[in-house]
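4 protein chains.
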Amino acid sequence: MRDHDGRAQSVTDQPADETMIDGVDTDRRAMMGLATGGLVSTLLGMTPTSAQAAAGIGLVGNAQAQPAGATGTPWWPSKYGKDDQVGATNLITPAKILDALKLVKTGKVYDMSHPYESSMPKFGERAFVLRIPGGPTGGPLGANNVIWHDEFLATEIGQVGTQMDGLGHIGMAFKGEDRSEMRFYNGFTAAEISGAYGLKKLGVENVKPIVTTGHLFDFVGLKGRNLNLGEEITVADLEACITRQKMPADAIKSGDCVFLNTGWGSLWNKDNAQFTKGEPGIGLEAAKWFISKDIVLIGADQWAIEVVPNPDANLAFPVHQELIAKNGIHIHENLVTAELAADGVSTFCYIMLPLKIKGATGSPGRPIALV
Amino acid sequence: MRDHDGRAQSVTDQPADETMIDGVDTDRRAMMGLATGGLVSTLLGMTPTSAQAAAGIGLVGNAQAQPAGATGTPWWPSKYGKDDQVGATNLITPAKILDALKLVKTGKVYDMSHPYESSMPKFGERAFVLRIPGGPTGGPLGANNVIWHDEFLATEIGQVGTQMDGLGHIGMAFKGEDRSEMRFYNGFTAAEISGAYGLKKLGVENVKPIVTTGHLFDFVGLKGRNLNLGEEITVADLEACITRQKMPADAIKSGDCVFLNTGWGSLWNKDNAQFTKGEPGIGLEAAKWFISKDIVLIGADQWAIEVVPNPDANLAFPVHQELIAKNGIHIHENLVTAELAADGVSTFCYIMLPLKIKGATGSPGRPIALV
Amino acid sequence: MRDHDGRAQSVTDQPADETMIDGVDTDRRAMMGLATGGLVSTLLGMTPTSAQAAAGIGLVGNAQAQPAGATGTPWWPSKYGKDDQVGATNLITPAKILDALKLVKTGKVYDMSHPYESSMPKFGERAFVLRIPGGPTGGPLGANNVIWHDEFLATEIGQVGTQMDGLGHIGMAFKGEDRSEMRFYNGFTAAEISGAYGLKKLGVENVKPIVTTGHLFDFVGLKGRNLNLGEEITVADLEACITRQKMPADAIKSGDCVFLNTGWGSLWNKDNAQFTKGEPGIGLEAAKWFISKDIVLIGADQWAIEVVPNPDANLAFPVHQELIAKNGIHIHENLVTAELAADGVSTFCYIMLPLKIKGATGSPGRPIALV
Amino acid sequence: MRDHDGRAQSVTDQPADETMIDGVDTDRRAMMGLATGGLVSTLLGMTPTSAQAAAGIGLVGNAQAQPAGATGTPWWPSKYGKDDQVGATNLITPAKILDALKLVKTGKVYDMSHPYESSMPKFGERAFVLRIPGGPTGGPLGANNVIWHDEFLATEIGQVGTQMDGLGHIGMAFKGEDRSEMRFYNGFTAAEISGAYGLKKLGVENVKPIVTTGHLFDFVGLKGRNLNLGEEITVADLEACITRQKMPADAIKSGDCVFLNTGWGSLWNKDNAQFTKGEPGIGLEAAKWFISKDIVLIGADQWAIEVVPNPDANLAFPVHQELIAKNGIHIHENLVTAELAADGVSTFCYIMLPLKIKGATGSPGRPIALV
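Protein chains in written order, with our numbering: chain A, 1 to 371; chain B, 1 to 371; chain C, 1 to 371; chain D, 1 to 371.
Because the hints were derived from the structure by calculation, they are not lab data. Small disclaimer: the values here were computed from a predicted structure and weren't measured. Certain hints may be false.
A pair holds if it fits inside one copy or across any two, identical chains being indistinguishable in the list.
To be verified - Below, simulated PhoX-like cross-link-like pairs (lysine-lysine); rule was C-alpha separation at most 25 Å, straight line:
1) K175 / K253
2) K200 / K270
3) K246 / K105
4) K201 / K175
5) K79 / K108
6) K208 / K108
7) K108 / K253
8) K270 / K201
9) K208 / K288
10) K122 / K270
11) K108 / K122
12) K246 / K175
Given only the sequences and the hints, what does the whole structure look like? Please build it.
The structure is reproduced here in structure tokens:
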């Protein structure tokens with residue numbers, strides 16, 4: 001049905017060691033993982049130049065923007081067609097929906113989202129500012145003296161709290177600091193998608209409602225402990241979970257969503273500095289394993305699903321690029337997975353209904369697991 | 001299981017003619033319906049005093065805030081208990097969810113939401129302002145030259161576009177302009193719920209995920225035309241729909257949601273001035289009929305579900321008060337119902353997952369109908 | 001020209017001991033001054049109820065909202081007339097301006113403002129969020145390929161950074177938690193001035209441009225050290241400054257502005273937690289001395305000009321009330337005064353041009369001293 | 001003192017006809033000036049591609065982004081040094097300030113700003129959204145029952161209402177749609193100045209306080225009527241004003257500011273659609289005349305100081321580029337000049353104190369004229 005090999009090929013074409021920068025100070029590389037919580041905050045809002053200065057001692061190891069032309073192989077057109085803006089949610093077919101609903105036996109709902117509030121951990125300079133205008137906002141009107149409240153919210157709406165990355169969120173600058181070639185999902189260029197008032201293409205409004213089968217990988221159960229900052233989840237870990245959780249070997253099917261219970265979410269709103277300093281998560285190896293299963297979305301109880309800093313100190317959020325830009329697969333961050341794990345739920349009906357915010361890079365939501 | 005009569009009684013205790021103001025100029029009453037689109041915009045953002053001045057010629061007829069003490073009977077405690085903040089979504093039980101999922105036969109999804117964009121009709125002074133910081137927002141970082149986009153949104157997030165009113169949205173000022181007694185759902189006072197940085201109680205984060213049975217009342221099909229501004233939907237209309245759509249007489253059950261296809265939504269982003277000038281919808285009679293069915297939510301393809309201006313020119317948004325404040329029933333506005341109607345879908349599985357925005361008065365969403 | 005005695009009388013009518021709450025736990029009172037930086041942040045954004053709970057151990061001592069009816073004597077009408085919204089800037093006459101300009105001998109400019117940036121200390125939950133939409137925001141257009149940048153700012157614009165309080169900022173709830181009588185400058189009620197979309201009266205747009213004589217009181221020079229948190233500046237201190245700085249005894253004249261160099265500003269953007277924890281400043285005694293001089297504005301190198309916490313643990317920001325609400329005198333916060341003090345400048349031409357933001361409670365600005 | 005000729009030369013090096021695009025449809029050129037108010041709004045927020053599509057019938061004539069490499073001669077380094085970020089406000093010296101203050105004879109203040117309010121004309125998709133959080137925002141606290149109001153503002157703060165353009169606002173894309181070479185004042189590149197969270201260079205915080213001599217050119221007085229949309233002010237008009245207003249031939253000196261009273265400001269908040277549709281103003285000829293006088297700032301009672309659409313239909317806002325990017329001269333828009341003109345004031349002390357909003361592209365303000 002699709003040319004899966006071709007896509008996998010492009011991944012193979014970009015071996016990790018080709019992306020290494022010669023002559024990097026290995027001492028600085030050794031310092032990776034020493035980032036303070038503040039560093040993450042600073043880094044993400046930082047200018048590229050200063051980010052490079054900090055990179056050697058922080059979140060992204062000594063990753064530095066690459067000289068022009070060095071970034072690798074084109075990943076487009078997408079398997080969904082050269083004009084596609086929908087990505088992997090194309091796989092959410094009526095048949096997938098019917099299959100997923102069959103998993104619902106009791107009607108129990110697991111709420112997989114955190115409340116949105118200003119105290120939640122936020123990355124870089126992102127903000128969450130909510131105000132209630134007036135007290136009340138309006139009224140009284142009429143003999144019935146009706147009054148009402150509104151709320152005014154100023155925030156990176158698709159990139160704070162429990163949020164799903166859309167396809168316009170992540171790209172690659174093929175020529176590094178020279179911004180003349182920046183590419184996104186399906187090869188769309190910055191000129192094609194960028195806009196000060198909303199992305200012109202790849203806005204999250206293109207994403208289909210997600211009602212499909214979800215699978216939880218419980219690494220806390222597997223390891224008997226929360227995973228650690230910088231701990232990479234391997235394919236062997238994934239397979240160990242499948243065995244331990246008694247899932248069929250072929251449990252993960254095209255159109256499914258997968259979730260990681262790492263324990264990192266236990267820090268949410270309790271130790272935000274530690275939460276944002278880095279995280280355990282998957283690396284490129286496990287990402288490619290999931291990609292080979294043709295999934296729609298990967299979610300986790302931490303803020304990037306991937307291991308941060310990456311064990312390859314030259315790489316900054318490579319899993320985001322691999323999933324979103326190269327494969328049209330969504331990332332769902334800051335989920336609540338602990339209750340599912342506590343109840344031993346491995347497979348469920350997952351429902352996430354992304355807001356159609358025109359030109360937005362992601363969506364908040366209230367994802368649920370139904371069993 | 002519950003004392004339904006008691007609640008209905010409190011409704012009966014407040015007859016419409018008790019809320020009339022003596023000596024109102026009937027000529028001014030006659031002018032109702034002459035509002036311009038601009039008036040609505042102005043009114044909702046207007047001070048109570050100026051709103052009263054305009055009321056005689058506008059949106060809310062000659063409705064005027066009532067003198068102190070005149071507003072009627074307490075409606076609390078709620079049937080869900082004196083401390084309840086969940087309201088009618090308490091009725092979404094596992095059993096209801098299982099029942100609703102049984103309605104899904106084909107896996108077809110109807111998207112019932114509009115895109116969120118600055119051009120959409122907005123009420124009063126509400127705003128929707130989206131910006132993409134930077135181009136891109138961040139990067140390039142790493143040898144992989146990752147770049148990313150965020151979006152920054154400033155808006156009345158729970159009160160623009162396709163949105164569901166939470167229980168803190170609507171209340172009553174018992175003493176009119178004297179704000180010393182303002183009451184909300186379950187009798188919570190302004191002192192208990194108001195907060196400049198988010199409602200302290202009745203925030204939309206309390207609402208449960210909604211997965212239940214939905215019913216569409218197709219008035220366009222019934223009348224063979226779109227309904228008109230100020231046209232009230234009566235109980236007779238509801239019953240005629242049930243008959244015409246071949247629904248069982250007892251189709252509407254406790255815990256269900258109901259939807260109105262009025263045709264008014266055809267104006268969305270086409271003639272926003274007309275769309276916001278007023279609307280067809282239910283009045284108190286039909287509202288009470290739905291309340292007697294113990295529903296969770298009423299939605300419509302217009303902006304308030306209720307008829308505006310109200311045929312009783314003294315009343316301003318009385319259905320909002322009746323449903324939200326007095327009965328804990330949600331209102332879902334600016335829905336897309338035309339496609340369901342076109343396909344003759346009367347009953348379906350309705351899924352709406354309200355965002356848990358702490359202290360917010362409502363929620364955006366991407367409601368869907370599954371059949 | 002004015003009935004100064006009458007106004008002073010109203011101050012005398014409200015002796016400090018009348019505002020004491022009987023039976024306050026003196027142990028809790030003793031804990032005042034122990035506030036953490038975080039407490040200030042929390043307090044200002046906090047609900048009244050929780051603020052009371054924290055009050056005994058924090059910023060405002062054990063100050064508690066007073067039972068209804070206890071708050072004291074009406075302070076209106078203002079000496080500028082019962083409808084006045086201009087306040088003490090009425091005193092900025094052409095003659096005052098000419099007098100002030102005569103002080104300019106060298107043309108040297110002292111910039112008395114901090115840059116506005118997200119890292120600056122902010123009080124309570126106030127936010128400062130700036131984004132550059134797009135990169136660039138617009139263009140290229142034309143054969144000349146013009147491009148442009150805008151900025152988008154979301155903030156409490158009149159209440160962050162170097163800012164001047166307008167007359168609608170501060171009031172008194174005469175009945176405590178019962179909000180049925182809240183009064184502001186000139187006795188305007190909450191019903192008269194409140195509005196969700198901007199104050200209806202007393203907005204900062206009413207304030208006149210300020211070009212007048214300014215005087216710096218250099219307490220750092222006087223004491224040979226920075227003042228301490230909670231250290232009250234007394235009238236004796238003011239008089240000692242006048243002597244030390246060789247100002248004439250009658251230096252402070254009607255229509256002048258006065259400024260406090262406390263040294264607290266040295267913490268700005270260096271130790272924000274300490275900066276916001278409290279501060280040295282004037283109490284009611286010195287405030288009344290300045291009021292008796294008929295000044296227009298008091299500014300300081302800290303965030304409230306007044307001593308925080310107040311030595312009378314029952315009082316919360318009483319100087320704000322005394323100056324703004326009762327006397328229409330402005331407060332200018334977070335100024336830069338160190339350079340003036342270092343150069344031994346005591347008297348200068350002060351220029352502050354408040355933005356006419358309709359309905360705002362204060363104004364940012366770039367105040368300067370000209371010598 | 002400076003190499004003025006060299007700079008003038010670079011202007012001469014770029015004759016208008018070199019910037020013409022061959023083969024432009026002259027019929028489309030003839031349509032310029034037919035723009036609707038809505039077109040301006042749309043255009044400024046529009047994507048470059050769609051802007052080009054509209055250009056032939058609208059605001060910027062048939063201006064189209066130029067093919068790569070065609071845009072002309074470098075204009076850097078600036079005469080103030082290759083690292084300068086201050087621009088023409090470098091000319092505001094103590095001596096200039098003293099000279100300007102000598103013009104003040106009566107102490108009369110002319111307020112040259114409009115109030116900032118949501119109803120004001122705004123360009124493109126710019127927004128102005130003000131809310132008062134809570135009612136009140138905080139309190140009551142203490143036995144003194146203090147309460148307070150804040151305001152929350154979300155807006156393009158430096159680019160709405162009466163506002164002064166900073167040096168980071170305007171640039172040129174040397175290669176048109178290929179954004180690999182975008183230059184600003186002093187040749188700073190996009191890579192050097194762009195930042196999602198504020199400009200990294202050329203932020204308005206670099207601008208010095210402006211206290212200098214101002215001159216009003218009263219074209220309404222000269223012509224006996226308001227100027228018309230698209231009417232270009234010529235050097236002959238400037239000279240006619242000087243003669244009619246009895247200014248010395250050499251009235252305009254280095255470091256001065258100049259202002260245009262066109263009458264267009266009479267539309268402000270009265271006919272916003274017409275106000276924003278285009279405007280009378282100076283073209284490149286008059287701009288260069290002013291540049292030759294070594295001024296600091298040009299202001300006007302309209303929204304861009306320059307004629308819109310430009311008589312050369314290929315050019316989009318060329319005067320902005322000439323003044324800001326090439327010469328570091330500020331533009332002050334949406335000023336109130338009518339009262340000065342009515343009183344026959346030609347020369348005055350001008351005071352504008354730009355806010356130091358770090359990384360912002362412009363500043364609001366409350367400019368005044370003192371006489």
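Comparing the hints with the structure gives:
no. : hint        : verdict
1   : K175 / K253 : neither (36 Å within a copy, 48 Å between copies)
2   : K200 / K270 : between (38 Å within a copy, 21 Å between copies)
3   : K246 / K105 : within (19 Å within a copy, 30 Å between copies)
4   : K201 / K175 : both (22 Å within a copy, 23 Å between copies)
5   : K79 / K108  : between (36 Å within a copy, 23 Å between copies)
6   : K208 / K108 : both (24 Å within a copy, 12 Å between copies)
7   : K108 / K253 : both (23 Å within a copy, 20 Å between copies)
8   : K270 / K201 : between (38 Å within a copy, 23 Å between copies)
9   : K208 / K288 : within (23 Å within a copy, 36 Å between copies)
10  : K122 / K270 : both (13 Å within a copy, 22 Å between copies)
11  : K108 / K122 : neither (30 Å within a copy, 37 Å between copies)
12  : K246 / K175 : neither (46 Å within a copy, 59 Å between copies)
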